[in-house]
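4 protein chains.
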Amino acid sequence: MKRIGILTSGGDAPGMNAAVRAVTLKALHEGLEVYGINYGYAGLVAGDIFPLSKDDVLDMIQRGGTFLYSARYPEFAQEPAQLAGIKQLKKFGIDALVVIGGDGSYHGGLRLTEHGYNAVGLPGTIDNDIPYTDFTIGFDTAVSTALDAIDKIRDTAVSHERTFIVEVMGRNAGDIALWAGVAGGAEEIIIPEKKFDMAAVAEHINSDRQAGRKHSVVVLAEGVMHAPEFAEELSKYGDFHVRSTVLGHVQRGGAPTARDRVLASKMGAYAVELLMQGKGGLAVGIENNQITYHAMEDLFDSKHKADMSLYDLNRDLSH
Amino acid sequence: MKRIGILTSGGDAPGMNAAVRAVTLKALHEGLEVYGINYGYAGLVAGDIFPLSKDDVLDMIQRGGTFLYSARYPEFAQEPAQLAGIKQLKKFGIDALVVIGGDGSYHGGLRLTEHGYNAVGLPGTIDNDIPYTDFTIGFDTAVSTALDAIDKIRDTAVSHERTFIVEVMGRNAGDIALWAGVAGGAEEIIIPEKKFDMAAVAEHINSDRQAGRKHSVVVLAEGVMHAPEFAEELSKYGDFHVRSTVLGHVQRGGAPTARDRVLASKMGAYAVELLMQGKGGLAVGIENNQITYHAMEDLFDSKHKADMSLYDLNRDLSH
Amino acid sequence: MKRIGILTSGGDAPGMNAAVRAVTLKALHEGLEVYGINYGYAGLVAGDIFPLSKDDVLDMIQRGGTFLYSARYPEFAQEPAQLAGIKQLKKFGIDALVVIGGDGSYHGGLRLTEHGYNAVGLPGTIDNDIPYTDFTIGFDTAVSTALDAIDKIRDTAVSHERTFIVEVMGRNAGDIALWAGVAGGAEEIIIPEKKFDMAAVAEHINSDRQAGRKHSVVVLAEGVMHAPEFAEELSKYGDFHVRSTVLGHVQRGGAPTARDRVLASKMGAYAVELLMQGKGGLAVGIENNQITYHAMEDLFDSKHKADMSLYDLNRDLSH
Amino acid sequence: MKRIGILTSGGDAPGMNAAVRAVTLKALHEGLEVYGINYGYAGLVAGDIFPLSKDDVLDMIQRGGTFLYSARYPEFAQEPAQLAGIKQLKKFGIDALVVIGGDGSYHGGLRLTEHGYNAVGLPGTIDNDIPYTDFTIGFDTAVSTALDAIDKIRDTAVSHERTFIVEVMGRNAGDIALWAGVAGGAEEIIIPEKKFDMAAVAEHINSDRQAGRKHSVVVLAEGVMHAPEFAEELSKYGDFHVRSTVLGHVQRGGAPTARDRVLASKMGAYAVELLMQGKGGLAVGIENNQITYHAMEDLFDSKHKADMSLYDLNRDLSH
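Protein chains in written order, with full-length UniProt numbering: chain E, 1 to 319; chain P, 1 to 319; chain Y, 1 to 319; chain C, 1 to 319.
Calculated from the structure, these hints are not laboratory results. Warning: the hint list may mix true and false statements.
In this list, chains with the same sequence are indistinguishable; a pair is considered to hold if it fits within one copy or across any two.
Unchecked claim - Calculated lysine-lysine pairs in the BS3-like style (CA-CA distance at most 30 Å, straight line):
#1 K214 / K305
#2 K87 / K214
#3 K54 / K2
#4 K2 / K214
#5 K195 / K214
#6 K236 / K54
#7 K54 / K195
#8 K303 / K2
Since the structure is predicted, the reported quantities are computational estimates derived from the model, not experimental observations.
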């Protein structure tokens with residue numbers, strides 16, 4: 001192996017650039033060459049590929065987004081697109097790849113591996129919804145951004161004695177809601193992993209108000225329902241001065257936290273090591289504080305599990 | 001004058017606590033006594049009034065929201081409520097008042113002044129929509145929060161080559177949009193003070209895309225229309241990969257910026273000086289970098305004007 | 001057990017208040033009573049003890065420092081002080097304790113346990129230098145603050161092509177330097193756990209400069225030497241336009257990060273569970289992402305080990 | 001005039017990049033060409049000059065430091081260097097210049113103007129020590145950074161009941177100390193513009209401690225003396241548990257605040273307008289909230305004056 005390619009795929013996440021930087025610097029350190037591939041698999045097929053030098057990545061560790069761009073490209077599930085991608089790898093002399101993105105992007109990586117081009121995947125997504133890793137690159141930053149918003153919203157909730165429904169990202173995974181909710185001292189956390197009872201939520205808020213605590217913050221994962229809808233439903237149970245807010249795309253941007261930068265750096269360097277050992281078709285993770293890997297296939301049959309102890313913890317602390 | 005009261009009214013704004021602190025400390029320094037009135041005019045009428053000491057306010061300068069709470073209380077426009085409020089002032093021995101809030105809250109202040117209880121108003125609102133002041137307490141912090149969000153959203157806009165419509169607060173005033181837009185390098189700023197032409201917006205985005213700049217951020221004041229609606233309208237002119245986000249209540253919270261703390265401190269101390277000179281019915285402002293005052297009545301006939309030079313500046317820089 | 005006490009000891013750390021909050025809320029939830037003890041063991045001996053209610057701690061999760069104050073009190077190593085403390089526990093009807101601080105404060109906890117008052121310790125210190133825990137409460141926030149400073153200093157280093165020596169906290173432990181250094185993309189990380197060779201540092205900076213990368217950031221743990229001294233030594237090897245900066249006490253303050261708040265909340269609730277099981281003399285930790293405990297005595301013979309893989313990682317990425 | 005050059009000089013300041021961006025975009029908008037000059041006057045003499053396009057500056061508004069680099073170059077006070085610089089201007093076809101930096105850099109600008117190359121200066125320095133402008137580019141960000149540190153240090157000061165001496169930048173000007181001090185609720189502000197009496201400082205701290213307020217934060221401008229020295233002097237008057245911290249270079253970096261970005265954008269565009277009117281030898285400022293200009297010569301005889309009303313305000317609020 002002499003030359004590796006690197007691409008980012010799926011929704012962007014803070015720390016993707018830190019991961020690209022780590023892959024590049026580690027590979028250069030090991031005497032390899034590195035090529036960047038713009039726009040994920042779409043750019044691979046289109047040949048939007050260029051050499052990466054040390055100078056290209058030195059100022060990248062703190063930048064949000066991905067300077068390699070990202071794009072959806074469902075066509076890569078089909079063989080013609082895969083073969084077109086492989087043609088480009090040949091043309092540019094790329095022997096192996098690092099793929100940063102959600103587990104959707106691992107499918108492409110596995111196909112390339114099967115065609116003889118080893119690919120290693122790094123979990124880059126704010127949702128933390130990838131199996132076989134406790135944390136994804138970008139999750140800690142997204143939680144930090146959501147928490148910052150919750151802290152600010154609580155100021156207004158207290159001043160006006162309101163109930164705020166704060167919708168955070170997480171379609172299938174309640175992780176952002178759980179972490180930002182516990183850290184923000186949420187009165188209630190509503191997530192897809194756990195059925196909730198609107199009457200019980202109302203009863204909780206009501207009993208708090210009667211005890212003199214007249215503001216509440218409910219952190220709601222978008223996968224359950226949208227905040228305005230939740231607010232409307234809740235208001236049927238009483239006048240809790242409900243307001244709703246949808247945090248939205250801000251959660252995807254920003255300079256990565258120290259955690260995310262360190263995680264991205266560790267994982268990026270490790271991906272290069274795996275490729276140097278001639279391995280492919282692997283997804284890197286962090287489990288029990290150790291960097292690990294699993295076969296990409298194993299992830300497709302698995303489902304990420306949120307840390308439900310946080311749910312119970314918050315229940316105990318808020319009731 | 002021996003004892004002054006202080007209340008916050010209308011929507012909360014960062015820096016209100018810093019203003020309450022400054023009023024309290026300055027008044028104590030001058031040998032006066034200070035009473036806090038909870039929940040604005042509603043609390044005045046209800047007699048929710050208590051003495052404020054130095055220790056109560058010392059740790060308040062950096063806190064968002066208002067620890068005196070705020071509430072809407074339209075009843076205070078009527079004389080019975082005003083007389084009930086005056087009864088409480090008598091009962092608590094309060095001779096004069098500082099009122100912090102939007103210009104709506106100045107009406108109450110003027111009525112109290114007419115009844116012999118001097119009131120001085122401080123402009124506390126994030127919208128910057130009060131006449132005879134260049135800046136309101138809370139505005140700089142709101143702009144800073146909006147800007148932070150715009151910076152983050154731009155990360156995603158760049159990575160995915162999208163057009164983002166970012167809705168910021170400002171019902172009648174485009175100030176937040178103008179400042180955050182210029183500071184965030186917005187491609188377009190849409191405000192109530194200036195008609196816009198959707199076709200021209202589309203043409204601008206389109207020509208940028210053709211020149212290779214494939215992301216755009218449009219900062220939209222809520223008073224014009226809502227972001228999802230704008231996104232839908234814009235998309236009729238072409239596929240610009242539009243996403244929309246509504247920043248919402250986060251703009252009202254958070255620790256105040258240095259500017260807002262200094263402004264609140266200056267204005268708070270000045271309000272006490274005016275009251276000590278036996279003046280009332282006055283609204284404090286900052287004009288041309290000087291702390292000033294005007295008769296409250298003069299504000300009711302006036303309209304705040306946004307700094308439209310920012311609009312022209314942004315047009316020149318983004319086209 | 002009906003009533004538990006809680007104190008903070010040693011240097012303050014962000015997240016101590018979040019831990020006090022969690023202990024209090026969890027204990028109240030379980031039907032226990034909670035008493036706060038001001039000024040650590042000094043306040044215990046002096047009887048500076050008061051009941052804590054839900055309302056006392058609800059607004060505490062985001063606050064830096066410790067609202068229970070902290071103080072050095074070496075006298076508690078002696079039996080007379082311990083007996084005086086126990087007298088107070090009896091007087092206030094306190095059956096068991098949670099002690100938050102460095103491992104120095106665990107000695108007192110163990111003595112109280114031996115006298116029949118179960119004590120559980122939580123690791124509250126920014127230095128991360130406590131055995132049997134991967135992370136201490138406050139460490140993530142301190143790293144985040146140090147990183148923020150490094151990011152800012154790099155701006156100036158780049159603009160003026162300078163070499164900056166940034167001294168971070170860590171007397172015996174290089175953890176802050178390692179994490180902030182990797183996350184900040186430091187050219188060199190100098191820690192007590194690893195001998196360094198000034199000539200090699202100079203050679204590295206020199207070769208970077210010759211390759212056109214004319215700025216460097218060296219992150220230095222205070223336990224090795226002070227930044228100005230390091231700068232002077234380094235300058236003997238060439239003119240690298242060296243400047244030094246000592247981050248100092250800012251690293252100890254600030255609102256805790258999401259990580260620290262979640263860690264403090266988990267540990268606080270767990271401490272109450274251990275006490276309810278009649279256990280004492282235990283130190284809580286987080287190991288491999290699980291909340292754990294060990295006998296306090298085991299910690300006294302052990303030494304915290306920094307994650308030296310970060311050192312090697314940084315070497316690979318920066319050379 | 002067809003082509004303008006732009007350089008940054010002296011110590012870097014947040015917002016310099018925003019100013020370069022504004023100059024570039026405005027000039028391009030007006031049909032001019034723009035050249036960047038690296039390393040200030042040193043780069044001018046060396047011919048380190050290159051064309052700037054829209055794409056070069058689009059992602060620059062939020063970046064700290066200066067991407068045009070800065071360097072000290074006292075040689076430019078002499079005619080030979082000036083003539084060498086003019087030779088380069090001729091060679092690159094540059095007709096006029098914008099110079100961003102402290103008033104030291106205006107001397108060079110004036111010399112170039114006298115030689116027929118109009119130069120307009122923008123005040124770029126964190127110290128706010130330039131005459132004929134109420135604010136310099138970078139000042140608001142530096143105050144914000146200093147304030148953030150003071151807020152964090154207060155956490156520790158409160159927890160341990162200490163007196164903290166916080167040294168901020170400002171050799172001849174107390175502006176950073178005044179603004180950050182008022183905004184941080186400093187118990188004392190010590191600046192070069194105002195003699196202080198150490199005995200009175202000690203007396204103030206002492207009387208606060210006796211009233212039960214056992215922590216203090218003293219904000220000290222570096223131009224008066226250094227923090228450790230101040231701490232030592234103060235401790236001669238009593239044991240106030242004094243600690244000192246020197247904020248240092250962090251104050252020079254970081255993403256500029258909204259204020260600084262708007263100020264830089266306004267001034268940058270205005271500088272181009274002045275050059276288009278055929279004017280030179282002018283220094284741009286903001287006075288009473290209006291963008292203004294003065295002859296560079298007028299600045300050399302003048303002295304910046306700090307807003308001493310802040311000093312009096314803080315005295316009233318803290319005593």
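Going back to the hint list, which numbers does this structure go against?
1 and 8
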